[in-house]
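Student: Sequence:
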Amino acid sequence: MITIKESTTEDIKNIQGLWADGDVMKYIGFPDGLHETEESIQEWLNRFRTLKPKENHYSIFEDGKYCGETQYRIDEEHRSASLDIKLLKFARGRGIATQAISHAIEEAFKNGAEVVWVDPHPENAKAISLYERLGFVAKEMPEHVIALGEDPKVYKYMERRKG
Numbered sequence: 081m082i083t084i085k086e087s088t089t090e091d092i093k094n095i096q097g098l099w100a101d102g103d104v105m106k107y108i109g110f111p112d113g114l115h116e117t118e119e120s121i122q123e124w125l126n127r128f129r130t131l132k133p134k135e136n137h138y139s140i141f142e143d144g145k146y147c148g149e150t151q152y153r154i155d156e157e158h159r160s161a162s163l164d165i166k167l168l169k170f171a172r173g174r175g176i177a178t179q180a181i182s183h184a185i186e187e188a189f190k191n192g193a194e195v196v197w198v199d200p201h202p203e204n205a206k207a208i209s210l211y212e213r214l215g216f217v218a219k220e221m222p223e224h225v226i227a228l229g230e231d232p233k234v235y236k237y238m239e240r241r242k243g
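According to my numbering, the sequence shown is numbered sequentially starting from 81.
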């Protein structure tokens with residue numbers, strides 16, 4: 081059974097291990113993983129807690145075993161939400177990502193987003209296929225997304241509208 085729950089302090093070690101995995105992080109520029117302290121992850125997670133429901137971070141489990149994370153962040157000015165998902169290798173290709181990202185989409189729309197967007201690396205064919213199956217379409221990256229530091233020369237912008 082898949083469980084998607086708001087991340088808490090108890091999930092920090094799992095998140096730390098996920099981020100340190102080069103296979104998980106290679107498409108976002110960290111082929112050797114991203115090595116963060118428990119304290120820095122706690123601070124990062126606290127920001128989500130203070131900004132709920134406009135942002136939220138979830139830990140994903142299958143039968144009690146940690147699989148990865150998903151999150152959304154709503155930009156109120158543009159009524160859009162960025163989405164993210166990261167799964168450990170053993171959890172890929174089994175429908176877990178579909179359930180998890182669908183949960184993040186639903187929560188983002190419920191909390192005010194009219195558009196949700198992702199920007200996978202163009203070489204991440206499995207992620208792109210997942211997003212297409214979920215109704216995302218490739219578009220030119222909007223200026224407000226570029227202003228966040230996203231690079232249209234590096235990532236493929238895809239969005240899905242509410243409804």
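Hints should not be assumed to be uniformly reliable.
[As the list claims (entries may be wrong)] Cross-link-like lysine-lysine pairs, in silico, DSS-like; alpha carbons within 30 Å at most:
#: 1; residue 1: LYS106; residue 2: LYS169
#: 2; residue 1: LYS206; residue 2: LYS169
#: 3; residue 1: LYS145; residue 2: LYS219
#: 4; residue 1: LYS93; residue 2: LYS206
#: 5; residue 1: LYS106; residue 2: LYS132
#: 6; residue 1: LYS85; residue 2: LYS132
#: 7; residue 1: LYS169; residue 2: LYS233
#: 8; residue 1: LYS106; residue 2: LYS145
#: 9; residue 1: LYS93; residue 2: LYS242
#: 10; residue 1: LYS169; residue 2: LYS145
#: 11; residue 1: LYS233; residue 2: LYS85
In short, the hints are calculated from the structure, not lab data. This structure is a prediction, so every number in the text was calculated from the model and none was measured.
Student: Does each hint hold? Answer for all of them.
Tutor: Cross-check of the supplied hints:
Simply put, LYS106 and LYS169 have alpha-carbon atoms about 12 Å apart, close enough for the 30 Å limit, and the pair holds. Under the criterion of a C-alpha separation no larger than 30 Å, the hint pairing LYS206 with LYS169 is consistent with the structure, at around 12 Å. For the hint linking LYS145 to LYS219, the alpha-carbon distance of about 36 Å lies beyond 30 Å, and the restraint is violated. For a cut-off of 30 Å, the pair hint linking LYS93 to LYS206 stands: about 27 Å separates their Cα positions.
Between LYS106 and LYS132, the direct Cα distance comes to roughly 29 Å. Compliance with the 30 Å bound is thereby established for this hinted pair. Distance check on the hinted pair: LYS85 and LYS132 sit about 14 Å apart at the alpha-carbon level, within 30 Å; holds. A threshold of 30 Å between alpha carbons decides the hint, and for LYS169 with LYS233 the separation of about 27 Å falls inside it, so the pair holds. About 23 Å separates the Cα atoms of LYS106 and LYS145, which keeps this hinted pair within 30 Å; it holds.
A distance of roughly 34 Å separates the Cα atoms of LYS93 and LYS242; the hinted pair therefore is violated under the 30 Å criterion. The hinted pair formed by LYS169 and LYS145 meets the criterion: a straight-line CA distance of about 13 Å does not exceed 30 Å. For the hint pairing LYS233 with LYS85, the CA-to-CA distance comes to about 34 Å; that exceeds 30 Å, so the pair is violated.
Going through the hint list in order, the structure does not satisfy hints 3, 9 and 11.
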